[in-house]
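Going down the list, the protein sequences come from chains A and B. What the first sequence shows, in numbering that gives the first Met the number 0, is residues 0 to 414, in sequence order. What the second sequence shows, in numbering that gives the first Met the number 0, is residues 0 to 414, in sequence order.
Accuracy of the hints is not assured; some may be wrong.
Claimed, not checked - Derived SDA-like pairs: lysine to any residue, alpha-carbon spacing no greater than 20 Å straight-line:
1) A:Lys363 <-> B:Val400
2) A:Lys363 <-> B:Phe256
3) A:Lys363 <-> B:Arg241
4) A:Lys363 <-> B:Gly67
5) A:Lys363 <-> B:Arg61
6) A:Lys363 <-> B:Lys363
7) A:Lys363 <-> A:Pro377
8) B:Lys363 <-> A:Pro377
9) B:Lys363 <-> B:Val400
Hints were generated in silico from the structure; no laboratory data involved.
2 protein chains.
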Amino acid sequence: MSELIDAAAKLDAADPLAGLRERFVLDDTVYLDGNSLGALPAAVPDRVADVVRRQWGELRIRSWEESGWWTAPERIGDRIAPLVGAGPGQIVVGDSTSVNVFKALVAAVRLAGDGRDEILVDATTFPTDGYIAGSAARMTGCTLRPVAPAEVPGALTDRTAAVLLNHVDYRTGRLHDLPGLTAAVHEAGAYAVWDLCHSAGALPVGLDEHGVGLAVGCTYKYLNGGPGSPAYLYVRRDLQSRFDSPLPGWNSHAEPFGMRPGYTPADGAPRARVGTPDILSMLALEAALEVWDGVSIEAVRAKSLALTDFFLECVAAYVPEGRVESLTPAGHAERGSQVALRCSPKLSASFEQGGAPIAGEVMKRLIGRGVVGDFRRPDVLRFGFTPLYVGFGDAERAARVLAEVLVARARPHRA
Amino acid sequence: MSELIDAAAKLDAADPLAGLRERFVLDDTVYLDGNSLGALPAAVPDRVADVVRRQWGELRIRSWEESGWWTAPERIGDRIAPLVGAGPGQIVVGDSTSVNVFKALVAAVRLAGDGRDEILVDATTFPTDGYIAGSAARMTGCTLRPVAPAEVPGALTDRTAAVLLNHVDYRTGRLHDLPGLTAAVHEAGAYAVWDLCHSAGALPVGLDEHGVGLAVGCTYKYLNGGPGSPAYLYVRRDLQSRFDSPLPGWNSHAEPFGMRPGYTPADGAPRARVGTPDILSMLALEAALEVWDGVSIEAVRAKSLALTDFFLECVAAYVPEGRVESLTPAGHAERGSQVALRCSPKLSASFEQGGAPIAGEVMKRLIGRGVVGDFRRPDVLRFGFTPLYVGFGDAERAARVLAEVLVARARPHRA
């Protein structure tokens, strides 16, 4: 045990990103739930106070122009762009991920054109993508077919219009092959829509490099934008003039204040906007993105892999065999920035409480001891590693406390 | 002039709502643009600071449960409900107005059923409603027909599925006959969708009383929720089980954390939710709604009419005839809570500057002298009267400054 504690200390001492933790408001909790809600960046509270008190309270309506409210969706989109490998002018921020999935999928089907009437959707996806894809299919006269990501190349036909894929699986943490799958989809004459919720801010995405056409993502996980902060939509530059939105709100009009009865879409990324942008949340996100100043996403990726490797090593060393099993791929090329551990059914004797899921009870005890992850039904413990503020000492402590919780409770009950 | 100043002072002294102004952060500006962006309620800054620093910064992910984040859309919906005459459990807050118009219209068409394939839309509407109605029509196989509100009863046929109407016209301030038009639409077997952006918080709406089926509205005008604060959607209780959303995000699922691949809609108002709620903006709105504690919307309406009457009286007294013309109906039954004045083309000689609209130049000068309204192309000055924080003295001063601006500049140029 002390060897791993020493190893963690050495790794932390040598970590070039260790100083970034100061850019966040944190306590001594081991916070491994940044893949659900990122921690609070230190710059956010004062910025939000200024937005509320001065921009809204004093300047009021003038702030739409003077405080840059109106152009925030594109401006903040350009701030996210380098983190996902996109040049400027291709991302707008606004609406929820679900709404953006709808915009992107319907637009993809329209781009694909007549004769293509099938949408493929990642069968392992976070459910909302599947539900929204079902609606997009219904409303565009398409059929919807769930397919495991690895089987997408074999499932493509000349009727495939669009394919909705997750870059990283929300449950297992598996990283899918964005370059290869995108190329296969394009080869078949269809459009790929990538959901980057669990990859943006944790690893390089390379949207421009890999020729991705459309992508969406949330901003409250590894981008630390705050609870329910607005999502974003990427539309590749050469597709923008043919991007045909199913939600053509006035913000997407070529002349929004012309108040014209006829709709003429704006050029460029603003075409993907819809209604009035949600300024408080949007400007909190803008302040949150300042933590990325001078940070390379490649360095973040290197630390993320080192952290998850080290956590898995500690779990293997501390937790008796057979209690948990990693669902997260061992290979770096297939791993996102989280570790998902499945609780063994053998644990049920000591943990099951009135039918409640074992993993839920284990996570509750971990949280009670200052190690915060989350659980996903029925049996998965999720530990997200945000390299900007999680260290190797955190990883060691999380594994150690996990082992203590599992060992303490796995003893046979004595009557 | 001094008579009207005295009259204003007396009216303010007798105003039972005068004390509500203290619930807002205001300066000596005459702020008549609350129909675009409501003023900052005094309770908001501290509440938002608490949401950011404690709920997000300290409790982090636990706040979804412990701080009531997850249930905010319904809880805040119930807070808005009495202001629009709705019983609890029928309103959810979230998304923009445009997105809610889409949800409501598509759901209305689906409620209307087969054989009904036409959507009527208020031809004088705020443009986004028309654009979104166009998309809803396109995606449900309907045709779209713009009709002036007064002509709706004559335009209804047995093919009409849905009618999208504005309660108050954003430009002229005209109040439409919600009870009568709703009854006519229902009589024809169609569904009315009401846009309450310019009425909610300014006058009684009576959604339940008049049997309205679906309604949407923004919260940043007379509800003072802040820039781009989330909109809301009302679905009448007996329609909820048949409400078929085109945006069935995971928040609308019967068991959102079940993460099931199949979609089963929630019962009740949450069925109209979509994605993760935007918590900072939503809880700012919740704090903003506290200004309504103990305030009756009937009293607000009475003051609103008195204010607009008095403003029109002052304009008539101060502004030389022929300079401006009111587009806002004189009859109380047809008036919202704003006064729209059209600038006479005769003003152009002295105001037109390089082709810029006259009304824009007039409004710029008014703002420079501390009277803030806005202008709508090509020639309309809009003055919104928010009875919670606008007084009769403000109305008198606004009319007086307007007259000074118009008279000063309307003198013939001397060469």
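Hints and how they fare:
1. A:Lys363 <-> B:Val400: 64 Å, violated
2. A:Lys363 <-> B:Phe256: This hinted pair holds, its Cα atoms lying about 16 Å apart.
3. A:Lys363 <-> B:Arg241: Cα-Cα ~38 Å, so violated.
4. A:Lys363 <-> B:Gly67: 19 Å, holds
5. A:Lys363 <-> B:Arg61: Within the cut-off at roughly 11 Å; holds.
6. A:Lys363 <-> B:Lys363: 59 Å, violated
7. A:Lys363 <-> A:Pro377: Holds, because 14 Å separates the two Cα atoms, which is no more than 20 Å.
8. B:Lys363 <-> A:Pro377: 61 Å, violated
9. B:Lys363 <-> B:Val400: 12 Å, holds
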